[in-house]
Amino acid sequence: MKTFAQLNFPGRLIAVEGLDGSGKSTQIYLLKRWLELQGLKVYFSEWNSSELVKAATSKGKKRELLTATTFSLIHATDFADRYERHLVPLLRAGYLVLCDRYIFTAFARDVVRGCPPEWVRGLYNFAGLPDLTFFFKADLGVSLQRILDGRPQLKYFEAGMDMRLSTDPYESFRIFQGRMLEQYLAMSTEFDFLVIDANQLVEKQQAIVRELIAQKIDLTEFRRAEPPSSRPKSPPTRTVGALARTVKLEEAVE
Amino acid sequence: MKSPSQNHIVVPRRTPRRFYGHGIPKVELDRVAGRLIVVEGADGSGRSTQIAMLVQWLEGCGHATTQVGLKRSSLVSEELEQAQQGNILSRTTFSLFYATDFADQLENIILPALKAGFIVLADRYIYTLMARDMVRGMDEAWLKNLYGIALEPDAVFYLNVPPEELVQRSFAKNTALDYWESGMDLGFSRDMFDSFLKYQTSMQQTFRKLQATYGFTIVDGNRSVDAINAELRKKIGAILAGK
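Protein chains in written order, with our numbering: chain A, 1 to 254; chain B, 255 to 497.
Chain A on its own, in the form it takes in the complex (with noise of 0.2 Å):
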């Protein structure tokens, strides 16, 4: 598997990864918000976010009809739309394409529910590999905090409750996410992650992180040919909501 400058796009894709309640969805918007701000090409795409497969697998995660291979197949399926629909045209069209999870997270959760490793990244083999990957690494009693500090209520799958690893929803959770710790941890040299410490300040991972995109990629190269309007665009206010749901799972099921 390639970059997507090994492979001669003019695009680039940022990745971001790590457990749920590591911080992860607020660093993304802010690196979102500053390369706006710059005037620069970008675009933001979720995990599981596929407006097709959507219904397919809210369906089947209510029903509960979901067994380790078809959630990855399910997971595969949405990401596969949103690549060759999204992704691809965009960074095609020489876009910063910014991903709040990437083919990471399904390689350590699907392994966690069981499916074998080389069957879940041949899966995935068509996608191009991230040009950089940033990993919220917090401890997993802090990410465990903010998630069991916000919300209470912990929903069938994203408590790993399928996997029978306990019949208590936290003690389930708890053990599922130490899981995924591990096995990101050991995804981490293999794909080049820019691992940061997300047990501290917001301001102060964010200033790391725009270092470091600074210094691997010319943003000069992804102006925006004329910009937008005349007028600079005030940036949309973000709610108390808004904050608060980038702390919570962020593989809620709606």
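Calculated directly from the structure, the hints in this document are not laboratory data. Note that the coordinates shown come from a computational prediction; the quantities given were computed from them, not determined experimentally. It is possible that some hints are incorrect.
One side only, chain B facing chain A, incomplete, derived with CB under 10 Å [unchecked claim]:
1. 282
2. 332
3. 337
4. 342
5. 347
6. 354
7. 366
Residues of chain B placed beyond 12 Å of chain A at every Cβ, according to the derived structure [said to hold, decoys possible]:
8. 280
9. 305
10. 310
11. 370
12. 399
Derived pair list, reagent style BS3-like, types lysine-lysine, alpha-carbon separation capped at 30 Å [unchecked claim]:
13. B/280 - A/59
14. B/427 - A/59
15. A/61 - B/369
16. A/2 - B/398
17. B/452 - B/488
18. A/61 - B/280
19. B/488 - B/369
20. A/61 - B/325
21. A/54 - B/280
22. B/497 - B/463
23. A/54 - B/398
24. B/325 - A/59
25. B/325 - B/452
26. A/155 - B/280
27. A/2 - A/216
28. B/369 - B/452
29. A/59 - B/398
30. A/54 - B/325
31. A/155 - B/325
C-beta: ideal position from N, C-alpha, C; glycine also.
Chain B: place on chain A using the hints.
This is chain B only, laid out in the frame that chain A set:
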């Protein structure tokens, strides 16, 4: 040939099973008495007629049967149908969507039925899915890994009917050719008739290629329904008797 009037019922022996590749996690394949029989072939090749006759015959002989087919899973069949109507999915996405549909039926219908000793009749299996994708330029190695989840059937019968005959059968049944069965998404030709022939020809070539790997039985589908069914019964009878 056994008929329902005979009292003797053949009891199949339990045989070991295997997956083509990695298989389904946490599924232990003990020796099962059930049998998986696959009937493959293009639309109009007579698959459903043959399967309906086989069900009659098998039940008459004392065997319990279950049927599966493409796009019949409770998980994604509706969504898949919708997506197909709109023709908005890209190839990899379609491929994975169909694989999800297949996996759901494999885990929830095929495997439990085989364990319960049923004869499972599959109206198409992974080979059609693979052939469709291969004709559309998808990587064969990628498909093999994907469908490494599939259980190896006891027999696969491919009903071979020349494309020219398929056209005739298609018109005898419907007034128009099917968009997907004509491979219109491939852009072979704006002319649907031309496109149908070209698409079905390349599907047949691909099936022949797959036959080399998966070793299915090619059945001449250009004969009377009864002649074909007699051949299928003979071969399935031998499988049930453990020959």
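How the hints compare with the structure:
1. The beta carbon of residue 282 of chain B is not positioned within 10 Å of any beta carbon in chain A (closest approach about 13 Å), and the interface hint is therefore violated.
2. Because the closest C-beta pair between residue 332 of chain B and chain A is about 8 Å apart, less than 10 Å, the hint holds.
3. Hint status for residue 337 of chain B relative to chain A: holds, with the closest Cβ pair at about 6 Å, below 10 Å.
4. Here the hint on residue 342 of chain B is kept, as its CB sits about 7 Å from the closest CB of chain A, short of 10 Å.
5. Taking 10 Å as the C-beta contact cut-off toward chain A, the hint placing residue 347 of chain B at the interface holds, the least distance being around 4 Å.
6. The criterion of a C-beta within 10 Å of any C-beta in chain A is met by residue 354 of chain B, whose closest approach is roughly 4 Å, and the hint holds.
7. Restraint check, residue 366 of chain B versus chain A: the minimum CB separation of about 12 Å is more than 10 Å; hint violated.
8. Against chain A, the non-interface label of residue 280 of chain B is violated: not every CB pair exceeds 12 Å, the least being about 6 Å.
9. No Cβ of chain A approaches the Cβ of residue 305 of chain B within 12 Å, the least distance being about 25 Å, so the stated non-interface status holds.
10. No Cβ of chain A approaches the Cβ of residue 310 of chain B within 12 Å, the least distance being about 32 Å, so the stated non-interface status holds.
11. With 12 Å as the threshold on Cβ separation, the claim that residue 370 of chain B sits away from chain A holds: the shortest Cβ distance comes to roughly 18 Å.
12. A beta-carbon of chain A is positioned within 12 Å of the beta-carbon of residue 399 of chain B; the least distance is around 4 Å.
13. Straight-line distance between C-alpha atoms of residue 280 of chain B and residue 59 of chain A comes to about 23 Å, which keeps the hinted pair within the 30 Å bound.
14. Of the pairs offered as hints, the one joining residue 427 of chain B and residue 59 of chain A is violated, with about 35 Å between alpha carbons and a cut-off of 30 Å exceeded.
15. Using a Cα cut-off of 30 Å, the hinted pair residue 61 of chain A and residue 369 of chain B holds, with the two alpha carbons roughly 26 Å apart.
16. Distance restraint check for residue 2 of chain A and residue 398 of chain B: the Cα-Cα separation of roughly 21 Å lies within the 30 Å cut-off, and the hinted pair is therefore satisfied.
17. For a cut-off of 30 Å, the pair hint linking residue 452 of chain B to residue 488 of chain B is broken: about 34 Å separates their Cα positions.
18. The hinted pair formed by residue 61 of chain A and residue 280 of chain B meets the criterion: a straight-line CA distance of about 20 Å does not exceed 30 Å.
19. Taking the CA atoms of residue 488 of chain B and residue 369 of chain B, the gap is near 24 Å; set against the 30 Å cutoff, the hint holds.
20. Taken as a hint, the residue 61 of chain A and residue 325 of chain B pair is honoured in the structure, with Cα atoms around 19 Å apart against an allowance of 30 Å.
21. Simply put, residue 54 of chain A and residue 280 of chain B have alpha-carbon atoms about 27 Å apart, close enough for the 30 Å limit, and the pair holds.
22. Our distance criterion of 30 Å between C-alpha atoms is met by residue 497 of chain B and residue 463 of chain B, whose separation comes to about 27 Å.
23. Restraint check for residue 54 of chain A and residue 398 of chain B: satisfied, since their Cα atoms lie roughly 26 Å apart, inside the 30 Å limit.
24. Between residue 325 of chain B and residue 59 of chain A, the direct Cα distance comes to roughly 16 Å. Compliance with the 30 Å bound is thereby established for this hinted pair.
25. For the given pair, residue 325 of chain B sits about 25 Å from residue 452 of chain B by alpha-carbon distance, which is consistent with the 30 Å threshold.
26. Between the alpha carbons of residue 155 of chain A and residue 280 of chain B the distance comes to roughly 23 Å, so the proposed pair stays at or under 30 Å and holds.
27. With a CA separation close to 17 Å, the supplied pair residue 2 of chain A and residue 216 of chain A stays within the 30 Å bound.
28. Taking the CA atoms of residue 369 of chain B and residue 452 of chain B, the gap is about 41 Å. The hint is violated against a cut of 30 Å.
29. Between the alpha carbons of residue 59 of chain A and residue 398 of chain B the distance comes to roughly 28 Å, so the proposed pair stays at or under 30 Å and holds.
30. For the suggested pair residue 54 of chain A and residue 325 of chain B, the alpha carbons sit about 18 Å apart, so the restraint of at most 30 Å is met.
31. Between residue 155 of chain A and residue 325 of chain B, the direct Cα distance comes to roughly 29 Å. Compliance with the 30 Å bound is thereby established for this hinted pair.
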